[in-house]
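Asker: Sequence:
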Amino acid sequence: MAEGHIDTTLTDRAIVFAVKAHGGTERRGKGFPYIVHPMEAMAIVATLTSDQELLAAAALHDTVEDTSVTLEDIRKEFGDRVAGLVDAESDVEVEGESDEQSWHYRKQVAMNRLASASQDVKMVAMGDKLSNMRAIARDYEVQGDALWDLFHIRDRRSHEWHYRGLAEALRSLEGTFAYEEFSELIEKVFGK
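Taking my numbering, the leading residue of the sequence shown gets 14, the next gets one more, and so forth.
Just so you know, not all the hints are guaranteed correct.
Claimed, not checked - Simulated DEER-style distance windows between Cβ atoms:
{"no.": "1", "residue 1": "G109", "residue 2": "S171", "range": "37 to 47 Å"}
{"no.": "2", "residue 1": "E39", "residue 2": "D162", "range": "38 to 48 Å"}
{"no.": "3", "residue 1": "S171", "residue 2": "H18", "range": "21 to 31 Å"}
{"no.": "4", "residue 1": "H18", "residue 2": "R119", "range": "20 to 30 Å"}
{"no.": "5", "residue 1": "D25", "residue 2": "F203", "range": "20 to 30 Å"}
{"no.": "6", "residue 1": "E197", "residue 2": "G157", "range": "16 to 26 Å"}
{"no.": "7", "residue 1": "R167", "residue 2": "R40", "range": "32 to 42 Å"}
{"no.": "8", "residue 1": "F203", "residue 2": "K33", "range": "15 to 25 Å"}
{"no.": "9", "residue 1": "A56", "residue 2": "R126", "range": "45 to 55 Å"}
{"no.": "10", "residue 1": "G109", "residue 2": "T189", "range": "21 to 31 Å"}
{"no.": "11", "residue 1": "R167", "residue 2": "T62", "range": "30 to 40 Å"}
{"no.": "12", "residue 1": "E39", "residue 2": "Y118", "range": "38 to 48 Å"}
Said to hold, decoys possible - SDA-like cross-link-like pairs, simulated, lysine to any residue; straight-line CA separation at most 25 Å:
{"no.": "13", "residue 1": "K120", "residue 2": "K89"}
{"no.": "14", "residue 1": "K201", "residue 2": "W161"}
{"no.": "15", "residue 1": "K135", "residue 2": "G44"}
{"no.": "16", "residue 1": "K43", "residue 2": "E108"}
{"no.": "17", "residue 1": "K33", "residue 2": "K201"}
{"no.": "18", "residue 1": "K89", "residue 2": "A101"}
{"no.": "19", "residue 1": "K135", "residue 2": "G37"}
{"no.": "20", "residue 1": "K120", "residue 2": "V105"}
{"no.": "21", "residue 1": "K135", "residue 2": "T62"}
{"no.": "22", "residue 1": "K120", "residue 2": "E108"}
Just so you know, these hints were derived from the structure itself, not from any lab. Predicted model only: the values in this text are computed from it and were never measured. Note that CB positions come from ideal geometry on N, CA and C, so glycine has one too.
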């Protein structure tokens, strides 16, 4: 391979796969294609690592949770490591409860899992969480507290609890541009 070139075959395949999986879907109430979010998450992960499997996992992180793609599909296409990273980013299901009823429980489980996760899992999660926090900060600037009415959970304090908990769980990434931006946006939206 020529100098300055890297093998992006896996990442390229993951992008195409994610584009197809999320095809025709809109990011909830945003008016733009869903794929913008996984691509932003991948761009954030690229500031933390050049590991192609982590970049692929960032591109694919919502496919199992939000499309008809299964973890087995990911494993078959991209291998065990990428599948494991995507699985770590997927919400736990709670039988017999609505998303609203199980929200706090699911978020707490996710934060606990993240706190004890590998740096690889944390980097992929940072891509997702920072992308989400950027969107919240942009929308909050325009809409103020009316923003929370767009969520299943409308209580601002619940979102603050969640994002501060994520920042704590991801603290091992402190000192990276991504973590510092994440922390700054949390303070901007939720205050000191």
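Asker: Hint by hint, note whether the structure agrees.
Answerer: So, going through the hints one by one against the coordinates:
no.: 1; hint: G109 - S171: 37 to 47 Å; verdict: violated, 21 Å
no.: 2; hint: E39 - D162: 38 to 48 Å; verdict: violated, 18 Å
no.: 3; hint: S171 - H18: 21 to 31 Å; verdict: violated, 46 Å
no.: 4; hint: H18 - R119: 20 to 30 Å; verdict: violated, 42 Å
no.: 5; hint: D25 - F203: 20 to 30 Å; verdict: violated, 38 Å
no.: 6; hint: E197 - G157: 16 to 26 Å; verdict: holds, 19 Å
no.: 7; hint: R167 - R40: 32 to 42 Å; verdict: violated, 19 Å
no.: 8; hint: F203 - K33: 15 to 25 Å; verdict: violated, 36 Å
no.: 9; hint: A56 - R126: 45 to 55 Å; verdict: violated, 24 Å
no.: 10; hint: G109 - T189: 21 to 31 Å; verdict: violated, 40 Å
no.: 11; hint: R167 - T62: 30 to 40 Å; verdict: holds, 36 Å
no.: 12; hint: E39 - Y118: 38 to 48 Å; verdict: violated, 28 Å
no.: 13; hint: K120 - K89; verdict: violated, 28 Å
no.: 14; hint: K201 - W161; verdict: holds, 15 Å
no.: 15; hint: K135 - G44; verdict: violated, 29 Å
no.: 16; hint: K43 - E108; verdict: violated, 29 Å
no.: 17; hint: K33 - K201; verdict: violated, 35 Å
no.: 18; hint: K89 - A101; verdict: holds, 17 Å
no.: 19; hint: K135 - G37; verdict: violated, 29 Å
no.: 20; hint: K120 - V105; verdict: holds, 9 Å
no.: 21; hint: K135 - T62; verdict: holds, 12 Å
no.: 22; hint: K120 - E108; verdict: holds, 15 Å
In this structure, the hints that do not hold are numbers 1, 2, 3, 4, 5, 7, 8, 9, 10, 12, 13, 15, 16, 17 and 19, in rising order.
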